[in-house]
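Heads up: the sequence lines are chains W and U, in that order. Per the working numbering: the first sequence = residues 1 to 214. Per the working numbering: the second sequence = residues 215 to 428.
Calculated directly from the structure, the hints in this document are not laboratory data. Take these hints with a grain of salt, some might be off.
To be verified - Computed cross-link-like contacts, DSBU-like style, restricted to lysine-lysine with a CA-CA straight-line distance of at most 35 Å:
# : chain 1 : residue 1 : chain 2 : residue 2
1 : U       : Lys402    : W       : Lys65
2 : U       : Lys316    : W       : Lys65
3 : W       : Lys188    : W       : Lys177
4 : U       : Lys314    : U       : Lys236
5 : U       : Lys395    : W       : Lys147
6 : U       : Lys316    : U       : Lys391
Here the structure is a predicted model, which is why all the values come from computation and not from measurement.
Number of protein chains: 2
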Amino acid sequence: MEKKVNISAFSNNNMVAEENRKFFYENGIFATNIIGSPGCGKTSILEYTAGHFDEKFGVIVGDVKTALDSNRIIKAGHKYAYPIETGGGCHISPNMISEKIKEINKNIDYLFIENVGNLVCPSTFDLGEKFKIAVLSIPEGDEKVRKYPALFLNAQVVIINKVDLLEYMDYDIECVKEDCKIHNPKVKIFETSIKTGEGFENFFNYMRTQRKYF
Amino acid sequence: MEKKVNISAFSNNNMVAEENRKFFYENGIFATNIIGSPGCGKTSILEYTAGHFDEKFGVIVGDVKTALDSNRIIKAGHKYAYPIETGGGCHISPNMISEKIKEINKNIDYLFIENVGNLVCPSTFDLGEKFKIAVLSIPEGDEKVRKYPALFLNAQVVIINKVDLLEYMDYDIECVKEDCKIHNPKVKIFETSIKTGEGFENFFNYMRTQRKYF
Numbered sequence: 001m002e003k004k005v006n007i008s009a010f011s012n013n014n015m016v017a018e019e020n021r022k023f024f025y026e027n028g029i030f031a032t033n034i035i036g037s038p039g040c041g042k043t044s045i046l047e048y049t050a051g052h053f054d055e056k057f058g059v060i061v062g063d064v065k066t067a068l069d070s071n072r073i074i075k076a077g078h079k080y081a082y083p084i085e086t087g088g089g090c091h092i093s094p095n096m097i098s099e100k101i102k103e104i105n106k107n108i109d110y111l112f113i114e115n116v117g118n119l120v121c122p123s124t125f126d127l128g129e130k131f132k133i134a135v136l137s138i139p140e141g142d143e144k145v146r147k148y149p150a151l152f153l154n155a156q157v158v159i160i161n162k163v164d165l166l167e168y169m170d171y172d173i174e175c176v177k178e179d180c181k182i183h184n185p186k187v188k189i190f191e192t193s194i195k196t197g198e199g200f201e202n203f204f205n206y207m208r209t210q211r212k213y214f
Numbered sequence: 215m216e217k218k219v220n221i222s223a224f225s226n227n228n229m230v231a232e233e234n235r236k237f238f239y240e241n242g243i244f245a246t247n248i249i250g251s252p253g254c255g256k257t258s259i260l261e262y263t264a265g266h267f268d269e270k271f272g273v274i275v276g277d278v279k280t281a282l283d284s285n286r287i288i289k290a291g292h293k294y295a296y297p298i299e300t301g302g303g304c305h306i307s308p309n310m311i312s313e314k315i316k317e318i319n320k321n322i323d324y325l326f327i328e329n330v331g332n333l334v335c336p337s338t339f340d341l342g343e344k345f346k347i348a349v350l351s352i353p354e355g356d357e358k359v360r361k362y363p364a365l366f367l368n369a370q371v372v373i374i375n376k377v378d379l380l381e382y383m384d385y386d387i388e389c390v391k392e393d394c395k396i397h398n399p400k401v402k403i404f405e406t407s408i409k410t411g412e413g414f415e416n417f418f419n420y421m422r423t424q425r426k427y428f
């Protein structure tokens, strides 16, 4: 009986994810699902994006508690930021997205979904996004890809953030990139820093190209 | 039906946790459950502890994949480190501990259980430990207590790690300590750095005192 319950919950999730995907496609919204540890810089990346990515985009920001991150993005001058408070939940579910997209502005061309800070649970949930973006950061240490493989099997893009801290820390970035490629040989990797702006122009151009073939 | 399955799973977990607690008590093992984000320094803290905590203790190290962390602790000169690979699971369950304690050395006085790197899911699982230790680190940012409240409601001890990085980062440590106290007014907070050794002697003495009244 337990197995049946699980299977039914999973197929329901997948069905809702497909409906979300259809909504995004029909409205020309290129949606991505951003996943990383607490504090790896997901919100900072979106704050920076709010100030520098010259396209019409929206942000859905998931948090266990508080709308702090969504408020940060609005404060950074961005109009279309929508919070999801999971109320203790460890990931955003397709149903939460399905509810939230009823209120988003349909004229946006891109949607960034910032998932709950968690390297494990959000990795296996399809929300209807075009692809997943995994965010790593230098202070976390360079073994995270090996220790949390599910995300890196499922992510088309990896952002290695806070590279300005490389000089202070013992972090083998080449090894991290190799580990990413073992899990997904076609992975696209960007090395970024909010402080210097490094890597963002490449990332934005990649997003534009990807949307073209959407 | 779904509800019944959940209730039954939870009460079974609690039952196993109580059995684990009984085992620890009968064998004079003071067990704690260490929880924090990926990369906050849980394993480094235990490596440092292996070299400086002059007591008989064991370590159970949970990881989604690999025994990397357990090997690090053994390499640091520690004899009693036991890995648990959760195989995709986002937390250690009481059952995993129940299985693992069959093979641990019963002559230890302390047991540190290093949970999977995750600020959300492990917070609400009782493994039979005496108390939970939450680990924060400076590079994660100073809003984590507000964003992930469940852990800080449940933790008797908070370690704020990597304080040597305070001078490079904008982190309001007094505010973090206040946030911790809002969730648990009796919380005991330690500020630590592996690089300087700061805070560890206080932490070790606290553990010794706590075990005395165990």
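Hints and how they fare:
1. Proposed proximity of Lys402/U and Lys65/W is supported: the alpha carbons are some 23 Å apart, at most 35 Å.
2. The hinted pair formed by Lys316/U and Lys65/W fails the criterion: a straight-line CA distance of about 38 Å is larger than 35 Å.
3. A distance of roughly 10 Å separates the Cα atoms of Lys188/W and Lys177/W; the hinted pair therefore holds under the 35 Å criterion.
4. Note on Lys314/U and Lys236/U: the hinted pairing holds, with a Cα-Cα distance of about 15 Å set against a maximum of 35 Å.
5. This hinted pair checks out: Lys395/U and Lys147/W have alpha carbons roughly 32 Å apart, not beyond 35 Å.
6. Among the hinted pairs, Lys316/U with Lys391/U is inconsistent with the structure: their alpha-carbon atoms are about 38 Å apart, more than 35 Å.
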